[in-house]
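With the hints as extra help, turn the sequences into a complete structure.
There are 2 protein chains.
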Amino acid sequence: MEEEIKAEVSKGTSLLDAATSAGVQINSICGGEGICGKCKVIVDNGEVDVGSTSTLSREEIKKGYSLACQTWIRGDLKVTVPPESTATQGKILIDEDAQKFRALTSDGVGSSVKYEPLIEKHYLELPEPSLKDNLSDHRRIYRELRRKKNVPIMQTGLKVFKRSSSLLRDNDWKVTATLGRRGDTTEVIQLEGGDTADTNYGVAVDIGTTTVVAHLLDLVTSETLDAEAKYNSQMQYGEEVTRRIRHAEEDGREDLQETLANDINDLIYALVDRKGIRLKDVTSVMCSGNTAMLHFLLGLEASHIRKKPYVPNTTKPPPIRAAEVGIKVNPRGLLYFMPAIGGWVGGDVTSGVLSTGIHKRDQLTMLTDIGTNGEILIGNKDWMMSCAASAGPAFEGTGIRSGMRASRGAVDKVEFVEGDLIYSVIGNTRPKGICGSGLIDLVASLFEGEFVNRSGQLEPDDSDRIEEEKGELKFILEEPAETGMDGELAVYQAEIKNLINAKAAIYSGARILLKSLDLELDDLDQLLIAGGFGSYLDSGKAKTLGLIPDIPSEKIKFVGNTSIIGAKMALLSQQAYEESREISKSVTYYDLIDYPNYFEEFTAAKFLPHTDLSQFGSVGITEQSGGDQTE
Amino acid sequence: MEEEIKAEVSKGTSLLDAATSAGVQINSICGGEGICGKCKVIVDNGEVDVGSTSTLSREEIKKGYSLACQTWIRGDLKVTVPPESTATQGKILIDEDAQKFRALTSDGVGSSVKYEPLIEKHYLELPEPSLKDNLSDHRRIYRELRRKKNVPIMQTGLKVFKRSSSLLRDNDWKVTATLGRRGDTTEVIQLEGGDTADTNYGVAVDIGTTTVVAHLLDLVTSETLDAEAKYNSQMQYGEEVTRRIRHAEEDGREDLQETLANDINDLIYALVDRKGIRLKDVTSVMCSGNTAMLHFLLGLEASHIRKKPYVPNTTKPPPIRAAEVGIKVNPRGLLYFMPAIGGWVGGDVTSGVLSTGIHKRDQLTMLTDIGTNGEILIGNKDWMMSCAASAGPAFEGTGIRSGMRASRGAVDKVEFVEGDLIYSVIGNTRPKGICGSGLIDLVASLFEGEFVNRSGQLEPDDSDRIEEEKGELKFILEEPAETGMDGELAVYQAEIKNLINAKAAIYSGARILLKSLDLELDDLDQLLIAGGFGSYLDSGKAKTLGLIPDIPSEKIKFVGNTSIIGAKMALLSQQAYEESREISKSVTYYDLIDYPNYFEEFTAAKFLPHTDLSQFGSVGITEQSGGDQTE
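Each protein sequence line maps, in turn, to chains A and B. Counting from 1 along the first sequence, just add 14 to a position and that's the residue number in this note's numbering. Counting from 1 along the second sequence, just add 14 to a position and that's the residue number in this note's numbering.
These are computed hints drawn from the structure, not numbers from a lab. Be careful, since some hints might not be right.
Identical chains share a label here; the pair holds if one copy fits it or two copies do between them.
[To be verified] Straight-line C-alpha distance at most 20 angstroms; calculated SDA-like pairs for lysine to any residue:
1) Lys-176 with Ala-275
2) Lys-146 with Ile-490
3) Lys-76 with Asn-59
4) Lys-20 with Gln-589
5) Lys-146 with Tyr-609
Structural data, given as structure tokens:
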């Protein structure tokens, strides 16, 4: 399959340009900026000038690889383009409708905060120097910036200095400075010739234990341009956070660090590719996620999070250069983190508070973030307390044989109507699987239809859709002929039990937190339900399942993926980012394991809706209904 | 000469340790920290773990080089030690006495400033975390530091975070933090286990156009431990600053950057080697030098310094990591610069003011820094004005055939006694050459002895030590048989003219600055003479030559190498460093070329001592004495 192509180009041409002019397509996402590292080639012989090789590994350099965009021709040469660099690969993510459906919630973030992004661009027209005004180039830029804006202490890296003198003169003293907030100082992270102030993008990322979601923001208009989601590839190292921490202890932190950085890169690539944006114009990334994810992405030691007293390495890492952890945006672009609260209550909860405004209100609010690592917070403007309940990935459509992410083809709603179950599918296609909200609906409907009893056991006598397979019962929602998948769409007995365990973890966590605060359910003015499925959850079904407390529906509000909403607010508003730091300091962590009857509470919640039916009066189940109950 | 040595070591041993245990000496200056890059080896085959390769070039990696100290054995392997890595090379600099003589002036810096170095170490004993006190490791360290000291805003790099959790626990919560000032923030640049607070070193460097001097400081005791000097290897690219700038314009900035970084590394290696200090314990480097040198070391564009209005890229670069410009100390150690005043008045002048206290005194003072790039400053606590006079390297013992640096074997003093010239040699050896102060003395003595006339012409009829060689006259100070060099010690006609041009540049600069300020010589309360030869200069001779103004001797003070003294003060005192920033802002630059009669003033100064003898009444020369004069 090897083909030899000859071409003549002028000296100083980059190999990438030379290849293009010779009709050889080489992968490149960043547009020749040395960022994406996709345009690897091997110079077999000949003389070249080599620029940045920072995206290449030591092994690759030893094998003679260089980046086509960072290699300039000095004479006759022969170059091999390895197969991985030819531009025939498919898109990384193709599920375009899906993320529109679920990942991109219309949140009006842009209008809810004081607009002043963490990374701003300022166009400057500098006065030309004279003997009377012969400030250094460096101070001249600072002076002009300070005339425009009250910027705190400034700093600039050597790489920016190095290019600045020519840049100013080549562009007739008209340049655009990109300013990034780093704590109490401001960094001039980039200087560009001319006016580029209208080209400035940021990415907000919600790093969930199971799902990673990214939104692309136009930092000039504050608009959310697009969204993308994928499963967290770290799942290969364990579904639960503690398993992954143990993996890092045994095999090093690199696996977890690299898979997560790659996931984020995949999402960013998909977004910029679709929107026709250059990677170098993405100047900032804001991550929100639990504290372990923060450690994994930074390559920090997370071991001590999993052991009492659950001490993280850091909760508020300073912004660093995204490139430092392998995130490929502008090489000098900054990576921010939503400040975490403690080892088990992360920046996602801080985001939740920020985006819902709990910290500013009188009303006593409970915020429940339903995910693999469920978090519950109770409080108001005077105080806030939070705990974590490990639920596993059942809510996110994984960990079950027919599970899938909430995207095109996923069963997202199930109802028990006139003795049978009916369902709807995202995108109105044949079902390809079932997502988190669909699974919650399904199990609640099975219970309503009395196909499962209060302890979650399938009742084979009550439906011919319940069958046995290798000694395990399953409920067949759809026959193979009617699905878009390779076989039937079914839920198995063990999977139902898993979901019940997950909801028990969340519910008992909420209950213990209330009890430990000496509060009754009635004391709550509001219950906010956050999570990836957000507004798509049916609150009646969630109560039937016993996932959320039995509180009047008018007090319940679904608030969507507050982790990413908060991240976007902070990225767009220095003030919101500052607020998030205050929030993270003012929340107290409550350790559920410390509660004397933790295990009893958890066990009692492992029934539908609960052992103690008085806690779910509105669901209308009596001891008699719903089949057997083992106490 | 190749020899095959076999050895058995345990898995995980570094190649450096393995080599040592096998009796193979491999070069290493940093003690296995991956800093010095001297222990290069080639792994021919076998499995290894490779750590840092940051000191290796792309070409070296391609050839299979790795650092022996950063390569750990995982199984059977074969390694080749290239000849450049075997420890049989000579010392870089051997002239130990010399630098004691000249480079290390006893300046009492330690006692003259408020001791609080820019880089400090603090030993911390942290309380172990508990559920009640479960701050992150990061915040726990910050809290303890703030209990010890009022530290402004702090920041810590990812590399320090990464190791911190294990480090704290492995060392029973007892660690030493190294804090570095970076503008208005403080960086935790390093954490070490246990108490290492008494091991903290810094290096002050005076980067002269011709000579580079380094002093090693114990930052704990504020003592100067040792000093070292060498010629600036950039001389190969031009003796004068403008020539070097042109070299950078034509051939890129790398040559100048690398030679200077290498010179500084050579000096540092020599110092730490002699004192038995590990490179990793050198946490800071403070450079003082003219503005072009600052640009060269940072790899910045200096082109615009040489053209009106002489705009530098920067005068006050922020501290950066020394490793960023290839200076090999602690990999996270900081590189500071004395703030410069303008394109032609550098941080060396700021140092001069700082160390002499001109900016705090009522007395009107003139400071003359005699070097290749001579600088003159006049002022007091109310105002300061400065100019630059390019003198060339004659004052530093180079640019003349018998010239040498002020080190062992150099003629440093010459006197005209009873009709003949007598001289003294540093270290009382046979003369190997003549240094700057010797040359000044020599030419002044030749003039006193009437062996040269007022225009600097050798008078062959007046001495049998004046001979002709290839049409050029020379004065033979010592015959070949009596010197320690390969031939006679002589000074040539053109070299004498060069020195006279140099002194004319300095003198006319001083005179123009006075005139432009409407001041008379009598208005000066003090004349401070700074420079590498500092206190070794004879003021009578300097006046005879017309190098310094004819001012009463009691008003003249030799202040030594104020560039390095100021750098040391700033390194040892945050307050002094802050003061230096204020100084750099308060000095006005005066451009000599702007003076209407600049060329006339310069030409008039090209006689001994001057065309206008009334300016040198005390020298006692009349129109009749000293031979012919061409007007």
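**Study point:** Hint numbers not upheld by this structure, sorted from lowest to highest
**Key:** Hints 2 and 4 contradicted; others consistent.
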